[in-house]
Structures are given as structure tokens and as C-alpha cells.
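Enquirer: Protein chains in written order, with numbering that gives the first Met the number 0: chain B, 0 to 422; chain Y, 0 to 422.
Calculated from the structure, these hints are not laboratory results.
No distinction is drawn between identical chains; accordingly, a pair holds when it is met within one copy or between any pair of copies.
No more than 20 Å apart at the CA atoms, straight line, and that leaves these computed lysine to aspartate or glutamate pairs for DMTMM-like: (1) Lys161 with Asp240; (2) Lys149 with Glu84; (3) Lys71 with Glu14; (4) Lys331 with Glu173; (5) Lys403 with Glu380; (6) Lys149 with Asp240; (7) Lys161 with Asp242; (8) Lys149 with Glu131.
Below are the chains, spelled out letter by letter.
Protein chains: 2
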Amino acid sequence: MSSASVTTITQITVEDIRFPTSKELHGSDAMSPNPDFSSAYVILHTDNPLLEGHGHSFTLGRGTEIICTAIKAHAYLLIGHTLEEFISNPGAFWRHLTSDSQLRWIGPEKGAIHLALAAIVNALWDLYAKREGKPLWRLISDFTPEQFLKCIDFRYISDVIKPDEALNMLKELESTKSKRIRQLEEQGYPAYIMSAGWLGYSDEKVRLGRDLQDDIRRLKIVREEIGYDRRLMIDANQVWDVDQAIQWVKQLAEFRPYWIEEPTSPDDILGHARISQALRPYNIGVATGEHGMNRILFKQMLQTNALQFCQIDACRLGGVNEILAVLLLAAKFHVPICPHGGGAGLSELVQHLSMIDFIVVSGTWENGITEYSDHLHEHFEDPCIIKNGRYVAPNKPGYSTQIKENSRQQYSFPNGPMWKIHS
Amino acid sequence: MSSASVTTITQITVEDIRFPTSKELHGSDAMSPNPDFSSAYVILHTDNPLLEGHGHSFTLGRGTEIICTAIKAHAYLLIGHTLEEFISNPGAFWRHLTSDSQLRWIGPEKGAIHLALAAIVNALWDLYAKREGKPLWRLISDFTPEQFLKCIDFRYISDVIKPDEALNMLKELESTKSKRIRQLEEQGYPAYIMSAGWLGYSDEKVRLGRDLQDDIRRLKIVREEIGYDRRLMIDANQVWDVDQAIQWVKQLAEFRPYWIEEPTSPDDILGHARISQALRPYNIGVATGEHGMNRILFKQMLQTNALQFCQIDACRLGGVNEILAVLLLAAKFHVPICPHGGGAGLSELVQHLSMIDFIVVSGTWENGITEYSDHLHEHFEDPCIIKNGRYVAPNKPGYSTQIKENSRQQYSFPNGPMWKIHS
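Chain B on its own, in the form it takes in the complex (with noise of 0.2 Å):
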């Protein structure tokens, strides 16, 4: 970066995106029968006309209006400010994003407004990328120590982790880095293909959560499909309260499923705290986060050993600098992270968030496992590519954000040419 050159943002546009999936069941679970996989998206103008940051939230297609109101009411935070503030310290300009006193009150750091400040800061390391010519992955990657930790707000999550400890914690596996950078090249992120566990596709896949007798005549029928040397994983997409959970995954233990996830309410930490305690007998582990509102969650969610795997959602945390905060205080707790990989545009960003964790927080992708959803990559500049069951590792400038200007046309709602010939 040339000390010389400022770039300043001079507009954004934000655009309400929705790919009407519902009429083909691509990702319906029990709590979400019908979705339309959308992003409330966003692009960075800057006053360099070949340098823009694309940014999108990804949602379920009714209330992307939400988030693209709530993106818009970011704008004074972001018109007239230089990308050179942000990189200059990328953690101040998180904080600078979501403490607007007025904005505040309708989170904080949470819902609507929290999954706007996702498509915002995403936008912001996409263009940050460009801008350096690198992906996201190999961005951070390169990054010291201290660069890293000046990309966190440790509001929160200071009596848990500190900057010092964080920073003895990266500064530990610094020296073996670039080994990892040269084995993620050559073989790949191992990737979990989460689409045959989807409710809607036929009767032989897995579902559950509706009826007992159901959910154990099925997986009788997987097990007897895939044998017992392979994984597999149970989703209730929060239908159950604790109790209830409790009992029921309990009698689906003989199909040893390898995680229960969403067992009930995101947001019931020692919930989630009683359920794993019952299920760890069973050798059963807890998995959820693709609703985990923000780090402060995550924070106790880890404390009180209320999961297992970490699911972290690219666009559900605020973006890149959360991100960074939650694989830090997942690696304190030795606790794997599992993006969520479902949706449109996910699998392109959580590819670049597992290889930085890989690089430089945990070290290790033992029990990482990535969600990989095979739907939509058509409509991504950059899509991402699996080779035998792995990420391959980007090496498009950028952190692969950005929707092809035609499939944003054709998918604009409710007006765009698409929803015509749907409506």
C-alpha cells in the first residue's frame, strides 16, 4: 500500500437481492419451510472508479427490506471516510460502525441492525483486499500478530480474553505459518456438504425434531445407507425447549450422531449448557451459532462449555472483526470452528474465515468442519471450488462477496425481471 494514494468513500448503494429458492426446497429445515435464499447487499463507491467493497447479508428472502433500510442508515458512518482510517485500524472503525448513539438502541450488536453492519464490514474488507490485491484468507494471513489484534473490539469480552493473551496465543504459532499457508495451497480446506441433511429433498434424507418415531425410522434408514464410519449430524433447528431435547436426542444415541445442533432457543446459553452436560455421556456434541447474535454470546457460550462445535455465520457476526473475536475465544476453549455454510454466498466467505483460523488462530483443521452448500455459486464473481471434498484456496483479489452485476439485475425484488415471471 503506497503511503501517498487515499481512498475515500463517496457513496454507497444497496440493493434487495432474492434468488426465489422456495420453489425448489433448497434449504428448508423445520423452522424455515419455505425460504427464498436473499442478500441485502451493498457496494462502497469510492472516488477511485476501479476500486469498489461488495458486501451482502444473507437472509431468507421476506425482510431483506429490513436490512437494506437498516444498511442505509449506516451511510453517514461511511460517506467522506477513507479506507485508510479503516486499515489504519480496522478495530476503532468496527467500533466507530456500531456505536451511533441513536442506532445503538435498536440492537445493540444484535438482529436487524447487526446483520446490516455484517454486509457493511464485509463490504470494507472486500474492498481493503482489492485494494492489496490479495484475498481475504492470504490478507490476514499475512498480517502480524499485532496487526491482527488491532482488527478487534474487545468490549465485552475483556474478563475472558485479553489483547495480551490473545496476542501470546498468535505470536505461538507465527513461526509454523507459512507451513500451513503451503498445505492449505496444496491440499485444500476440508469441506462437509450439508445438503443431504435438508428436510424437502426426499423421504430417504435425514430430518428432525417433528415426530420421534419419524426422526428414528430415518436414521435407521441413513445408517444402514452410510454405515457407522461416517459422520453424521442431526439438526433440530431450534424446535425443542431444553427438556425436551434432552430426552429426544437421547433415544436417536444409537445412531451415534456425531452432533445435535440448535437444539432450542440461539440465545439460551445455559440451555444449551444443560444440554451438552446430558448429552456428553452419549458422546453426543452440541453444535449452534448460525443464529449467534454477536461475540458476547459466543463468549459465554464457551465459558460454560454450551457447545461443542462453532458455528459461526459470516454474515450474522458483524463481519470480519467479530469473526476474528469469536475464532480467538474458540481457540482459548479448544473449541473447533464449523462455519455455516447454507445460503447464498456463505460458502464463498466462510471459506476464507476457516483458512484464517487454520493459519493463524487455532493452527489445526482437525475437527473443523465447513459447510458447504452447492447452490447459487453461478451468480458469484468468484465462486468457490471444491476439489475431492476441499475448499480450494481463493486467489482472486478480494474476500469473494461479490454478485455478478447480470444475476443482480435479473434477482432484484421485487422488481427485477426474475420475480416477474415468478409472481
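Since the structure of chain B is provided, determine the placement of chain Y on it from the hints.
Expert: Leaving out everything else, chain Y in the frame of chain B:
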């Protein structure tokens, strides 16, 4: 209620109403130095031109448009439905409103979408109470325990309170209910005026969390002024991390604060539990909840003894139904309800809630402190009335939610005449 009549919701209108209070420093605090007290306002129109339900969600200004967008997103869950549907099973209708499979993603049950829900649910209860010709507190006080329970969605709280247990709690207080109604009507409900503690008024008022030496100086002045017989509350508005909160408040212990309010992130259950435990030897309680996002958070706060004063917010929890759930949880743990009353129209709402708690749920007002803020009441059709430091029980039908039409027009944002003057 006559069984012959059916009232159908035909239309909703949504308004963005903002009072330019930042010009006068009403309600400023460490996190919100310059709020414009505002309302995301909804009117439920029915096929009976004489019957409308009004509801609002309180905000601090910027971002009100996000809540308005979120309210509109719920329109299709309301229009064509009948008031009788709501009345016959308010808890089921509440779940209907919170369970849209696509909207749920951008919560669930938190942030902008939940603030929008509050406005809608408040309007439904206003409609119901008007139809019955009763003020809300009286409508609900007249419910049988069974009717009361039907208002509550026990999802995600049944591990801590089950309907049976709640029923017993309510039944125990039933025989003495009429005595408390009389007592309330004669004496009113004790109010606490918060304005004195807010920042920005003048030098002698309490402010906290910015500079320790300054806090000590100020508390000294206040104690010299009011003596040690009166209660003094201190409020940090979330500025501290957990360790810092403990250290800071210990150094203020000599001034015998009754409670420390919002010492850290409102999402940090375990953090509040640690702070509570550390301050117990000093006889300083922890108060929190005005940013408490839903019943699942309050459940855990109560489970861990993280708060000693439960500060529910009438427009942040998902309206009356979820408030009733939290009242039950608090009563179970013998924690007093101290609702958040600062802001436009909140005092009008919380008086009803405190009265319901007193008459039906906890049966006591012993340690309950209901905040009263003396601003903006002139804009309300049925403003709350304080006599001798106590809320007079409202007697007009409804939930005291309705803002005068003239005020709504004057303060409509951004095009109302008052905003033309201020801009």
C-alpha cells in the same frame, strides 16, 4: 364481549414520529449523548370505524425507519385476521406473529424485528382493551389464571417455569386480588423519577462511568444533598467490561448506591452474575433489562441471580404477552419488577405493567420501583398522572398508547412541520 360481533383487521398504517429532544438534552447518558425520543408507530384499522388499535415502539431517533419497515413486513400476518382470533388465544396469535419462517432469520425474537413486534402487539392489546371498555391493567387483572396463561408462549422457558407451576402461582394470589385492586385505586402505584440521574442537565446530577474521580466527587455532592435515607441509584449505561465494573463500583460503595444499572453489555448474563456476586457484600444490587432482548435472556439472568432488579422495557420485549412471561419468571425468583420508564410514552405503558404485576403476579409493590419520566406526556391522549409520587390507576379504555393526531402530524419525520423548523 358479544359473541355475535367479529372485528377484522383491514389495514395498518405506520408512522415515523420523532421529537427533537436532542436539542434539550432530555435523556442523555454515556452511550446516548443526544437522543431524539421517537416512536415507530402503528395503527391497526378494523372494519369497525370506531375501533382502532394504536401501538408504538420507542427509539432514540435514527433507525426509527428500520422499525417502521419491520412493522410493515408483518402486515400480511395481521390483515384479514380478527380481533376474536387474538382474544381467543393471545399466546397462539403471538407465536403466529413471531414464527414467520423468513422473517425469523433476522431475529429470531430480538433487535429491530422484535421492537416492531412490540409495537404491533401493543396495538393489539390496545384494540382488545378498547373493545372491552377497560384500561389494560384492569382487563388483565380481571382474567382468570387460565386466561392469563393463554397469553403466554412458554416456548424456550418451560425448563424454568411450566404452565402448571405458573397456574399455581396465579391461583394463590387470586383470592386477594380484589383487595389489591382497591388498594391500587385508592393509593396509586409508587413511581420513581429518573430524570435527576440523567447526564447533561447540570453539574450536580449523577453521571457515571467516564471518570472515577469525577464520579466520586459527584456522588459525594448528591449524598450531601439528599442524605443517606433516600435511595440513590447509579447507572453506567453499559460502558464497562466486567472486571472494570466490579472495580469501579467497589470504589463507590461508600456512597451506598441502591443499585448499579447496566454495568456492562446487556447480553452478558454470566458477566452480570459475576458483578452481582462481587457487589453482594457491599449491599449493591444489579439492575438491568432496558436492553434485555427477550424472555430467554431474562430467564437466564434470573437463573444465575445476575440481576436483583428486573428492568423490563415495554417496547423491547415483544409486547404485553412476553412481558407477562417475564413477570412470572421474576415472581418465581422473587426479583422485583422495575420497568424502564424513560422515553416517549414508556411511562404510559409501564404503569399498566407494574399494576398487573402487583395485582396478579407478584402480589407486592414492596421493592418494585417504576420509573417515571416527566417528558412529552402532552402528546398522549391518555397521559399518565402522578399524584404524591404515585401513578394514578388509568381508567380510560386501552393501553394508553395513543399519540394525539396533531402531535403525530407535527412531529412526523422527516416532513412534519416541527422537523422543518429544526432542520
